[in-house]
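Enquirer: This is what each chain is made of:
2 protein chains.
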Amino acid sequence: MTAKSIKNRDAPRRTRARRGEGERLREQILEAATRLLVETGDEDAVSIRAVADAVGVTPPSIYLHFADKNELIFAICERYFDRLGQATMEAGAGSEDPIERVVLQGRAYIRFGLENPEPYRVLFMRKASATPLPFQYEKILESSGFANLVQAVSDAIEAGRLDGDPMLVAIYLWSAVHGLTSLLISKPDFPWPDKDAVIEQVTRSAIRGVTVGVNLGPEGRPRGKGESTRRARGSI
Amino acid sequence: MTAKSIKNRDAPRRTRARRGEGERLREQILEAATRLLVETGDEDAVSIRAVADAVGVTPPSIYLHFADKNELIFAICERYFDRLGQATMEAGAGSEDPIERVVLQGRAYIRFGLENPEPYRVLFMRKASATPLPFQYEKILESSGFANLVQAVSDAIEAGRLDGDPMLVAIYLWSAVHGLTSLLISKPDFPWPDKDAVIEQVTRSAIRGVTVGVNLGPEGRPRGKGESTRRARGSI
DNA sequence: CCGCTAACATAGCGCCGTTAGGTTAGCGAG
DNA sequence: CTCGCTAACCTAACGGCGCTATGTTAGCGG
Numbered sequence: 071m072t073a074k075s076i077k078n079r080d081a082p083r084r085t086r087a088r089r090g091e092g093e094r095l096r097e098q099i100l101e102a103a104t105r106l107l108v109e110t111g112d113e114d115a116v117s118i119r120a121v122a123d124a125v126g127v128t129p130p131s132i133y134l135h136f137a138d139k140n141e142l143i144f145a146i147c148e149r150y151f152d153r154l155g156q157a158t159m160e161a162g163a164g165s166e167d168p169i170e171r172v173v174l175q176g177r178a179y180i181r182f183g184l185e186n187p188e189p190y191r192v193l194f195m196r197k198a199s200a201t202p203l204p205f206q207y208e209k210i211l212e213s214s215g216f217a218n219l220v221q222a223v224s225d226a227i228e229a230g231r232l233d234g235d236p237m238l239v240a241i242y243l244w245s246a247v248h249g250l251t252s253l254l255i256s257k258p259d260f261p262w263p264d265k266d267a268v269i270e271q272v273t274r275s276a277i278r279g280v281t282v283g284v285n286l287g288p289e290g291r292p293r294g295k296g297e298s299t300r301r302a303r304g305s306i
Numbered sequence: 071m072t073a074k075s076i077k078n079r080d081a082p083r084r085t086r087a088r089r090g091e092g093e094r095l096r097e098q099i100l101e102a103a104t105r106l107l108v109e110t111g112d113e114d115a116v117s118i119r120a121v122a123d124a125v126g127v128t129p130p131s132i133y134l135h136f137a138d139k140n141e142l143i144f145a146i147c148e149r150y151f152d153r154l155g156q157a158t159m160e161a162g163a164g165s166e167d168p169i170e171r172v173v174l175q176g177r178a179y180i181r182f183g184l185e186n187p188e189p190y191r192v193l194f195m196r197k198a199s200a201t202p203l204p205f206q207y208e209k210i211l212e213s214s215g216f217a218n219l220v221q222a223v224s225d226a227i228e229a230g231r232l233d234g235d236p237m238l239v240a241i242y243l244w245s246a247v248h249g250l251t252s253l254l255i256s257k258p259d260f261p262w263p264d265k266d267a268v269i270e271q272v273t274r275s276a277i278r279g280v281t282v283g284v285n286l287g288p289e290g291r292p293r294g295k296g297e298s299t300r301r302a303r304g305s306i
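Residue numbers (our numbering), protein chains in the order written: chain A, 71 to 306; chain B, 71 to 306.
It cannot be assumed that every hint is accurate.
A pair holds if it fits inside one copy or across any two, identical chains being indistinguishable in the list.
As the list claims (entries may be wrong) - Below, computed lysine to any residue pairings styled on SDA-like, alpha-carbon distance capped at 20 Å:
| id | residue 1 | residue 2 |
| --- | --- | --- |
| 1 | Lys-257 | Ser-214 |
| 2 | Lys-197 | Pro-187 |
| 3 | Lys-209 | Gly-92 |
| 4 | Lys-139 | Leu-203 |
| 5 | Lys-265 | Thr-104 |
| 6 | Lys-265 | Pro-236 |
| 7 | Lys-139 | Glu-91 |
| 8 | Lys-257 | Pro-129 |
| 9 | Lys-265 | Arg-181 |
| 10 | Lys-209 | Glu-160 |
| 11 | Lys-265 | Pro-129 |
| 12 | Lys-257 | Ala-161 |
For the record, the hints were derived by calculation from the structure and aren't laboratory data.
Start from the sequences and build out the full structure, keeping to the hints where you can.
Expert: Laid out in structure tokens, this is it:
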């Protein structure tokens, strides 16, 4: 009780919440942790101790609202996850053409990832053991983003514009845009060509890969409209 | 010197290296660390202390051969990086057709990633600040894998089979295969369709996206052989 | 006014990466 | 054959981490 009490820390002497207002701390924690994550751009900077300091509280108090650190991290990133879905959805609404819809969604997806690299990395580039199950499964399937992609793909297939199984095609397109996004995030010092050019290349070429009306060259196994890509071919 | 000396640890009482044989420890460290990484499948299990214990040495001795932990981790993964390049190169040699070459390379790439998920994750899915510059730049550009991909793409373009700028097309194809690889690694609990089917979909459709001889449907801006994809189109 | 409990804090455990500074052992010089 | 030099290690510890068991305080209901 004597000395050492001079906590010249960051936070402005937070006043204890009133009875029944315990949830206020949760919001303050999320706010401070989000700031830490985006300002440092480094997940590791979001330590329980740093967040507690920023909020003006002691580390154990964090655990009154989050089971562990990972839950806090994903509570932050869940908001970005939702915004990603929203952004792609809104972008897709920019056209009536089902194919152009997909392209618009893809471009918006990549751009969002590049604008929020660390949340994107947490959400989509982490090791599985550090990713809560919902963020591997339901959250994705039920997200407006993925659902909208599958919908747009299905529409395009039904309209005779795309070819293949909706789920397989959606995953393929997702792979392409996620691949570019994640590479741009983890290898910023790679000698990338003009970023917009790369984004255009990936989104346009990817959709072109499943667009109908393609006749391959003489040596390349020609594929008619009869033989679809619904079922995978053997092994080769 | 009295008690506490009973180190019932893992290693079998390593004998000190002779003069001039200090490099022996480096190999033993790499060996033990590699085992730890692949057996646990978790980079975090490769702690300096765990490696030291496994080798039968004290933690500071690690720093005689590696500047920091990251250098150790990437020394491990560099071998996998080389093997990835080798694997894709050998796979590509399985065909004379430049397009089929690319497909074979892509399939080998994905398979290698799935067989070595944690090394792949370290090499290609880490945050940039934790990835040494060579692994963002030179190592990739000069790797047999990437070089071979660019070569195969260039050959195919020159043969009139593919369309576009070699570097942009190579990056596009890399994005597709890396995208699927990384998603399969970080979201193993996602309800993926049959894995081989997804791999076929991605590799086949991706290459199809840049294959010549494509005529889009009526509404989709038709593109002749004159208008190439060399330069990126405006904004949309 | 008082006690109950929500809303915190104190203190500390075991882990981590890393470092400063000792110790030991083998080889070459004399 | 010894002796010193230095390569090849070790001891001890620092500061930071996630997390927990346990203590304290403050405000509202009775």
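Enquirer: Evaluate each hint against the coordinates.
Expert: Now for the hints, and whether the structure bears them out:
With identical chains, the CA atoms of Lys-257 and Ser-214 are at most 20 Å apart between copies only, with a shortest distance of 18 Å across copies and 28 Å within one. In this assembly of identical chains, the alpha carbons of Lys-197 and Pro-187 lie at most 20 Å apart whether taken from the same copy (16 Å) or from different copies (9 Å). In the homo-oligomer, the alpha carbons of Lys-209 and Gly-92 never lie at most 20 Å apart, since the shortest distance is 27 Å inside one protomer and 52 Å across protomers. Taking identical chains as interchangeable, the C-alpha atoms of Lys-139 and Leu-203 lie at most 20 Å apart only when both belong to the same chain, with a minimum of 16 Å there against 29 Å between chains.
In the homo-oligomer, the alpha carbons of Lys-265 and Thr-104 never lie at most 20 Å apart, since the shortest distance is 27 Å inside one protomer and 36 Å across protomers. Taking CA atoms no more than 20 Å apart as the test, Lys-265 paired with Pro-236 passes between copies only; the shortest distance there is 15 Å, against 29 Å inside one copy. In this homomeric assembly, Lys-139 and Glu-91 never come within 20 Å of each other (Cα to Cα): the closest approach is 22 Å inside a single copy and 44 Å across copies. In this assembly of identical chains, the alpha carbons of Lys-257 and Pro-129 never lie at most 20 Å apart, being 34 Å within a copy and 31 Å across copies at closest.
Only within a single protomer do Lys-265 and Arg-181 lie at most 20 Å apart by alpha-carbon distance; the minimum there is 10 Å, versus 28 Å between protomers. In the homo-oligomer, the alpha carbons of Lys-209 and Glu-160 lie at most 20 Å apart inside one protomer (19 Å), although the nearest pairing across protomers, at 39 Å, exceeds that limit. Within a single copy, Lys-265 and Pro-129 get their C-alpha atoms no closer than 42 Å, and across copies no closer than 44 Å, so neither meets the 20 Å cut-off. For the identical chains of this complex, Lys-257 and Ala-161 are neighbours neither inside a copy (26 Å) nor across copies (25 Å), given an alpha-carbon limit of 20 Å.
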